[in-house]
Amino acid sequence: MTTTGEVLLEAVELHKAYGPTPALDGARFAIRAGEVVAVMGPSGSGKSTLLHCLAGIVRPDSGEVRFRGRELTTMTDAQRSALRRGEFGFVFQFGQLVPELTCVENVALPLRLNGVKRKEAESRAVEWMSRLEVDDLAGKRPGEVSGGQGQRVAVARALVTGPSVVFADEPTGALDSLNGERVMQLLTAAARDTRAAVVLVTHEARVAAYSDREVVVRDGKARDMAAAA
Amino acid sequence: MSIGHTLLGLLESGPRHGYDLKRAFDERFGHDRPLHYGQVYSTMARLLKNGLVEVDGIEPGGGPERKRYAITESGITDVERWLAEPEKPEPYLQSTLYTKVVLALLTHRSAEDLLDAQRSEHLRLMRELTRRKQSGDLADQLICDHALFHLEADLRWLELTAARLDQLSTEVRK
Numbered sequence: 055m056t057t058t059g060e061v062l063l064e065a066v067e068l069h070k071a072y073g074p075t076p077a078l079d080g081a082r083f084a085i086r087a088g089e090v091v092a093v094m095g096p097s098g099s100g101k102s103t104l105l106h107c108l109a110g111i112v113r114p115d116s117g118e119v120r121f122r123g124r125e126l127t128t129m130t131d132a133q134r135s136a137l138r139r140g141e142f143g144f145v146f147q148f149g150q151l152v153p154e155l156t157c158v159e160n161v162a163l164p165l166r167l168n169g170v171k172r173k174e175a176e177s178r179a180v181e182w183m184s185r186l187e188v189d190d191l192a193g194k195r196p197g198e199v200s201g202g203q204g205q206r207v208a209v210a211r212a213l214v215t216g217p218s219v220v221f222a223d224e225p226t227g228a229l230d231s232l233n234g235e236r237v238m239q240l241l242t243a244a245a246r247d248t249r250a251a252v253v254l255v256t257h258e259a260r261v262a263a264y265s266d267r268e269v270v271v272r273d274g275k276a277r278d279m280a281a282a283a
Numbered sequence: 131m132s133i134g135h136t137l138l139g140l141l142e143s144g145p146r147h148g149y150d151l152k153r154a155f156d157e158r159f160g161h162d163r164p165l166h167y168g169q170v171y172s173t174m175a176r177l178l179k180n181g182l183v184e185v186d187g188i189e190p191g192g193g194p195e196r197k198r199y200a201i202t203e204s205g206i207t208d209v210e211r212w213l214a215e216p217e218k219p220e221p222y223l224q225s226t227l228y229t230k231v232v233l234a235l236l237t238h239r240s241a242e243d244l245l246d247a248q249r250s251e252h253l254r255l256m257r258e259l260t261r262r263k264q265s266g267d268l269a270d271q272l273i274c275d276h277a278l279f280h281l282e283a284d285l286r287w288l289e290l291t292a293a294r295l296d297q298l299s300t301e302v303r304k
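If you read the sequences in order, they're chains A and B. Per this note's numbering, residue 55 is the first one in the first sequence, and the count goes up by one each step. Per this note's numbering, residue 131 is the first one in the second sequence, and the count goes up by one each step.
Be aware that a few hints might be false.
Straight-line Cα separation of at most 16 Å, EDC-like style, residue types lysine to aspartate or glutamate; simulated pairs [to be verified]: (1) Lys263/B to Asp246/B; (2) Lys275/A to Glu141/A; (3) Lys171/A to Glu159/A; (4) Lys275/A to Glu242/B; (5) Lys275/A to Asp246/B; (6) Lys275/A to Asp243/B; (7) Lys197/B to Asp150/B; (8) Lys179/B to Asp208/B; (9) Lys275/A to Glu118/A.
Computed spacing ranges between beta-carbons, pair by pair [what the hints assert, rightly or not]: (10) Leu213/B to Ala243/A: 18 to 26 Å; (11) Ser265/B to Glu60/A: 27 to 35 Å; (12) Gln133/A to Glu258/B: 35 to 43 Å; (13) Arg172/A to Pro216/B: 53 to 61 Å; (14) Asp267/B to Thr130/A: 27 to 35 Å; (15) Gln133/A to Arg163/B: 55 to 63 Å; (16) Arg239/B to Leu155/A: 54 to 62 Å; (17) Ser299/B to Ala132/A: 34 to 42 Å; (18) Arg158/B to Tyr72/A: 51 to 59 Å; (19) Asp243/B to Gln133/A: 35 to 43 Å; (20) Glu210/B to Ser177/A: 54 to 62 Å; (21) Arg172/A to Arg261/B: 38 to 46 Å; (22) Ala214/B to Ser177/A: 55 to 63 Å.
If you're looking for bench data, these hints aren't it; they were derived computationally from the structure. Each residue gets a CB set at the ideal place from its N, CA and C atoms; glycine is no exception.
The whole structure should be built from the sequences, with the hints applied where relevant.
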């Protein structure tokens, strides 16, 4: 567990409303390199909005999000896209793999978007697939693999660029217990090895148990339980 | 857990000395709470008295650790009955937690804080079990998973109670 060291990504006093409904109401958050932090809370509490703001996908109405001291909210869309491609990795509940591409092409995609040549990108993709124990699926399309396998392919895709932060939104939500456990083991082990920080949104306690600490979001406010203890 | 039945079950595969039984018990079931020698010998004395085990041999030197025990036919029947009988599902935690939540509401303290602190404590233990599970063998994994699922069930109750605090607060303050 990492409780010291420089804060990598930080949010201060985030406010975000969709129409008259506040999704975030003064939320704060901080994560350090190599840390796995679970973001928990009931449905509609603002967990996903917090993740989207942290990842620069959604712009908060007010408040600041800083990555290595750089303010995300004042960046241009192009700057934020570049940051997401270079520094962030994403895993969603349903792998969201591109169905027309093979698994290895899916994993290599973020590298290709960053300008890495095909051969080099696919060779690095296979390395990550092997680590996630799905290298034998390289030539298959997402429709031909199981949910658990597809999710491991998605984890490989999230890690292939060597991101500083991985955002995982209910990564095991669509899997059975055994597959969910395996995905969490592989995701957290790989992240710890590469010192990537993981922001893990989950409502499942057994998934949150893979984290170093938890932040509970309720009514748009985030409470850091380690700080509260 | 019934120590007597567990020791009897361990004897079914063949006679053993008391120290051997303790070692086998600790290895398989006593990770958190190894047996004391005293517990083993008092349990074996009781099983002997009830005819569920017999002394199979005594090594020279005397003392309880020199006795070798074997299971009897009644012992085997007893183990069989114990294994066939389901355990009483125990609603262990919620009575205490429920009392605390109601008392917190009655005394105008924060029941939400109480539930948050409890969730945090549950998760702390769940993290510990998850770490142990990852470094252990299959037996460790199964034992830890059992504990994890139970803790998870408690946590779901905590979440549901947290979501119903307003309603509960109105009820208890009527």
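Mind listing which of the numbered hints don't hold for this structure, in increasing order? Hints 1, 2, 10, 14 and 17 not satisfied by this model.
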